[in-house]
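Undergrad: Assemble the complex: chain Y is given as a structure, and chain E must be docked to it using the hints.
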Amino acid sequence: MKRILENFIPFLFVMLSAFLIAVFFLVLSNIKTLDETKNLVEETYTIINLNEDVLIDVISIESSIRGFLLVDSDSFLKPYENSIKNIESKLLLLKMVTEDRDTDGKADELQRLIILRIADTKNSIINHKQNNLTIEQKIKITLEGKKLSDKIKNVIQEINSRQLALLAQRKHDNIDSDTNLKLIVGVLILVILFLILVGFAILKIQQQKNKLTDELKKSNNLFSTLFEHNPACISLVRISDHKIIKVNNSFVDLLGYSSADEIIGKSENDLNLIVETSDVEAIAKLIQENQIVKNYEMQVRTKNGTLIWTSASIIMMEVENIPCVVSVSMDINAIKKSEEKLLAVNRELEAFSYSVSHDLRAPLRAIGGYATILIEDYKDVIDADGNGFLKSMLQSSKTMGNLIDDLLAFSRLGRSEMVVSEIDMNSLVKTVVFEQLKNDAEKIDIQILNLPSAIGQPTLIKQVWVNLISNAVKYSQHKPNQKIEISSFQKNGQTVYFIKDNGVGFDMQYYNKLFGVFQRLHSKEEFEGTGIGLAIVQKVISRHNGTVWAESKINEGSTFYFSLPKIKIKTK
Amino acid sequence: MNFSDIEILFVEDSMDDATLTIRALKKGGLANKLHHVKDGAEALDFLYCKGVYTGRSINDHLKVILLDLKMPKVSGMEVLEKVKSDPLFKSIPVVILTSSKEDPDIKRCYELGANSYIVKPVDSDNFFQAIKDLSFYWMISNQPPHHL
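For the protein sequence lines, the chains are Y and E, in the order given. Here the first sequence stands for residues 0 to 571, where the numbers follow numbering that gives the first Met the number 0. Here the second sequence stands for residues 0 to 147, where the numbers follow numbering that gives the first Met the number 0.
Hints are computed from structural coordinates only; laboratory data are not their basis. This structure is a prediction, so every number in the text was calculated from the model and none was measured. For each residue, glycine too, the CB sits at the ideal point set by N, CA and C.
Using 16 Å as the maximum straight-line C-alpha spacing, the simulated EDC-like pairs for lysine to aspartate or glutamate come out as follows:
no. : chain 1 : residue 1 : chain 2 : residue 2
1   : E       : Lys100    : Y       : Asp404
2   : E       : Lys100    : Y       : Asp405
3   : E       : Lys25     : Y       : Glu375
4   : E       : Lys25     : Y       : Asp376
5   : E       : Lys100    : Y       : Asp358
6   : E       : Lys49     : E       : Asp38
7   : E       : Lys26     : Y       : Glu375
8   : E       : Lys69     : Y       : Asp358
9   : E       : Lys62     : E       : Asp4
Label pairs and their in silico Cβ distance ranges:
no. : chain 1 : residue 1 : chain 2 : residue 2 : range
10  : Y       : Leu407    : E       : Met14     : 19 to 27 Å
11  : E       : Met14     : Y       : Glu527    : 26 to 34 Å
12  : E       : Gly50     : Y       : Asp376    : 31 to 39 Å
13  : Y       : Gln298    : E       : Gly50     : 43 to 51 Å
14  : E       : Glu6      : Y       : Phe388    : 35 to 43 Å
15  : E       : Glu6      : Y       : Glu275    : 50 to 58 Å
16  : Y       : Leu306    : E       : Gly50     : 46 to 54 Å
17  : Y       : Lys397    : E       : Met14     : 17 to 25 Å
18  : Y       : Val380    : E       : Gly50     : 39 to 47 Å
19  : Y       : Thr276    : E       : Gly50     : 47 to 55 Å
One chain only, chain Y, in its complex shape (with noise of 0.2 Å):
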């Protein structure tokens, strides 16, 4: 709208300058026309003057004749020629007023009717003074002047109607080229109006975009401080000649350069940027793929050929209409080298369980195999007490190897990589519990109530139930009624699984023991077990962001309840 508006203006400008212009010529030919009518307003009024004193000339003359006629006596003739005086005159002012006006001929027949008239006077006068008229003669020359009288008073009369009915006309022209300028005037005021409306209008929208190009301003300067000074290095490249068009501080800083100047306009070739070539095709195909790279890591090289380690995430974008490959890397050769680090210590570690499994059982079955070659093959030579230890014995090494089992597969939990996949739990709690009860099943009463499914790694999630089912089983042995119920319930978005059986229970005073590696709350002789069940039940949870907690009362039964995030439905 706005861009629509100042286009407008230099149309607008020309537009009111033509109409300005012909207001101007229209308003100055109205005034001449005015003039003109005023002229003519005098000129009218100065014939009809004329024309009555030239009348009143001619009725002196007229009765100075029949006066001069009627008496004999000169001294009517007095006024005679005063008139004739006076006539000749005003005759020639009345031709040259008349001259350039429209007066259809009379003003000349008027002449010439005066002329005449003029000339019949004199001819009578002298006739009379020569002859002595009688008094027919006399009636004759008088009825023939008052004749020529009335002709000229027709004329005079004629000519003054034609100048008032033309004065009239122009009067009535008048009123329409006021109305005219009236109109002009009024449409000049809105014209004015208009323009100052415009002008002012013109003035917001400079306002407003001064106003817009210092916020544009502040942005670019914000843009800038944020480019800049930005941790992350970021680097701009063109997609057309693959050279890099900008590049910020932190770039510039971790591959040692000095300036900027001296990598923008070269390519990361030129700079021998990349240290893996496959890098750059593994990127190309995400980009193709997913149109943006997210945290990708890759090794990059400096201005004097150290490699370092950065994360980059690389969009494709438009940059001021040029297509562009942006990337945002950070510098993660600190945390890349305590990875290795851990990996070289994990590594180590697991170097050291192999080590323990093997190295601590070969004593072990050592002790084991002598200790049941002695039993089988020398106990008529032993007596006893000594069979009895020989036996403890067995039992100890066999104990020791669980434990190491234990051990090591707790350790593991830790390590192994997660592949989870969608669990029914119904169907895994009752293979779990089939396998775990076998000849039990008949005496136990097992409750298990609807389960939803469940995201995590199933043979972790298997161990959990094994666990808790084995503790359930193993803790209610001693009760005449065994009963175990295996449910579930949903809690803030999680769904919560729980074993609940009416065994011995626990104190929760240990509580916080309970899911200690190697804790025991029961002593070996009431109920066997190593006491690392519940600590892997505990790994194993809260590797798949669940909890583990659980309630009990000593005599009357414990409850073990674990959640898991919710299953997500995939809708397809």
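TA: Frame of chain Y; chain E shown alone:
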């Protein structure tokens, strides 16, 4: 020493494990056809009739090799690799003896062509059972090609 009757080559560096294993095989009546070597190097000497085994004929074919993995000098894995890559020996069944079924080496052994593995159990009953199963396995296993 006459090696022509030897049907089982038993490679084990631990004397205790060797003693217990040999006793179990004796109970199964198989010990007289067994030869025990104490590391991988000696096992290869036996197979290729070198060193103290120069007098042995390479054509005296074995029926099974019981192979411990962790041994000094040449490891069980190296012996396995050698056996399974040599056309002369690759048809001999190799049974790996390991301390733990969680041993990541087991997977590697199968990739190299091991036929089976036995966990050396501390529990002697199970250990003897495993050896008995092994002798059963050995009896029903395919005969080496040249016997056909």
